[in-house]
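Student: Chain by chain, the residues run as shown.
Protein chains: 2
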Amino acid sequence: MATNRQILLAARPVGFPKDSDFNLVESPIQKPGPGQILVRSIYVSVDPYMRGRMNDVKSYAPPVQIGGLMGGGAVGRVLESNNPAFENGDIVTGMFGWQEYAVSDGKEVRKVDPALAPISTSLGILGMPGLTAYFGLLEICNPQPGETVVVSGAAGAVGSLVGQIAKIKGCRAVGIAGGDDKVAYLTGELGFDGAFNYKAVKDYVGKLQELCPSGVDVYFDNVGGEITDAVLRCINTKARLSICGQISQYNVEKLEMGPRMVLTSLLVKQARAEGFLVFQFADKYPQALKQMADWLRAGQLKYSEDIVEGIENTPRAFMAMLNGGNTGKQLVRIWNEE
Amino acid sequence: MATNRQILLAARPVGFPKDSDFNLVESPIQKPGPGQILVRSIYVSVDPYMRGRMNDVKSYAPPVQIGGLMGGGAVGRVLESNNPAFENGDIVTGMFGWQEYAVSDGKEVRKVDPALAPISTSLGILGMPGLTAYFGLLEICNPQPGETVVVSGAAGAVGSLVGQIAKIKGCRAVGIAGGDDKVAYLTGELGFDGAFNYKAVKDYVGKLQELCPSGVDVYFDNVGGEITDAVLRCINTKARLSICGQISQYNVEKLEMGPRMVLTSLLVKQARAEGFLVFQFADKYPQALKQMADWLRAGQLKYSEDIVEGIENTPRAFMAMLNGGNTGKQLVRIWNEE
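Chains A and B, in that order, are what the protein sequence lines are. Under the working numbering, think of the first position of the first sequence as 976, with each following residue one higher. Under the working numbering, think of the first position of the second sequence as 976, with each following residue one higher.
Reference excerpt, derived from the structure (chain A facing chain B, CB under 8 angstroms, subset only):
no., residue
1, S1034
2, G1199
3, Q1224
4, M1232
5, V1237
6, A1248
7, E1249
8, G1250
9, F1251
10, Q1255
Keep in mind that the hints were calculated from the coordinates and are not lab data. We put the beta carbon where it would ideally sit given N, CA and C, even for glycine.
Make the full structure from the sequences, and use the hints.
Tutor: Spelled out as structure tokens, the structure:
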């Protein structure tokens, strides 16, 4: 093993990120010190939230520094352990960043059992996106059997699970996604009751009324913007909105203008909108992961992955994901062990 | 007694209402039938929510019909009772509308004890506005001692009580109102910790940061628009927003455009915004009214009234209130018994 290839943030993106906002550099592989482990990552995750970290804005987490390593989850193998909690050869997941080799003190690193499910699921259905779908739907919205749940970004890592969990809970699940192939996947493979391609439909409200004849009781929002405006026009009294993401707004240079209807809609419908971060439910992760794994084994949850090869392609995979190019979880495989 | 003077809706207002949207008519006074009462109103209430009822839009209540009586709360004296629950001479409050004499079956009519407090309070602090402040703050936001509560429309019937209840609960209370006299009233008379005149201040965010050095934990919103945008920039993690009104948006002909920041703000701050109608707490009215009356008698709550004389001036009182002309509860006295 020669060097550690890393992706650094070269510049803060203005609007949509571009290749030159990232730098691929090579550096020596660090030696793990006392209590530390050396991990070689197999899969690296790219997720929408990372766009926010690239801005120099105070948020729930500090921004990535210019010239700093891009953060992000990964799953890999322990090559060398000086930490009694890990053995050489263990598969582990943690915030190892966009790089091939990471040294970690083992805090917030979780062991993954490769016998249970493919290890890539630790970054998807059995990882942060799965937990986000689980808590964002069940804890924030408390969906009841017979209610209608609409999810935007429905073919993404989180959205595709939200609709399926809604079905498990006896709800009508309706998805909004950007492509006919995605719509076919949602209604064909995943069992959504309805879905539409927002790039092909002009009258979002009319389409929502058709697909949600009893109105919308729960809305899981990944995208914001005009799609959310349309859903707001269809919500029922006492609707609950889980605000998970606003991807349509992540790459604007200046705040987009839209009709002032969010709060009026909440008022007229006695409805509730709540933003959340999955971390606030950290004390309930173990039960949630067990439940998700049970549903997965029982065939009640399905997932798909969109896999790009090579650490050098991580920025492009990230940008493609921001553009909605993926169906299911977007991953980058950076080590092919076999 | 000659005739019943009534204010009818002559036309649906386009934008801000004008005189010609209303008609003053005279009609015979109805005789109460079996089980009914005849009430002569003493005070008529004008409230912001009435603007919404004038539009031909499906909402939580049906719109006023063109040519129909303007609805609204009033308090008056029973002149004739065929209902065993009421006696001639009782003071009662109910949705008697903008008219001098009303016939009612007594449903949702409440007796008022004139010995307890001036009867006009049944339309204000001990009526719907008082209950709105009470439940909208305490039930929707659950403010904790030491937290900062910001209220817009702070000098109105509801807002002025929200800040005082916040103080009773050990919070820092900051009001936003439209006039230096109102600001002086809030901080001088009512004990708000801070307030500012949004018509005189340009940098709302800077002013809020000055008045709320620990950020905003609770926001009780009566107005919406740019004021609310500014508050959103100052909310703390886990903030709660009670959406009571959006008066800045009630008279727009076309939805006003604003920056798409509401849902993004909720997301980043894990915050919650909830619309409510006071009616959803109807089963808890008695306890709340008792509590408000106790605070009133103990001098912990103060109120003021803005009183216009004459049924014929009700539309103008309503329009002045929409323009923020009032401090405290806007009323119209239509019968001077003495």
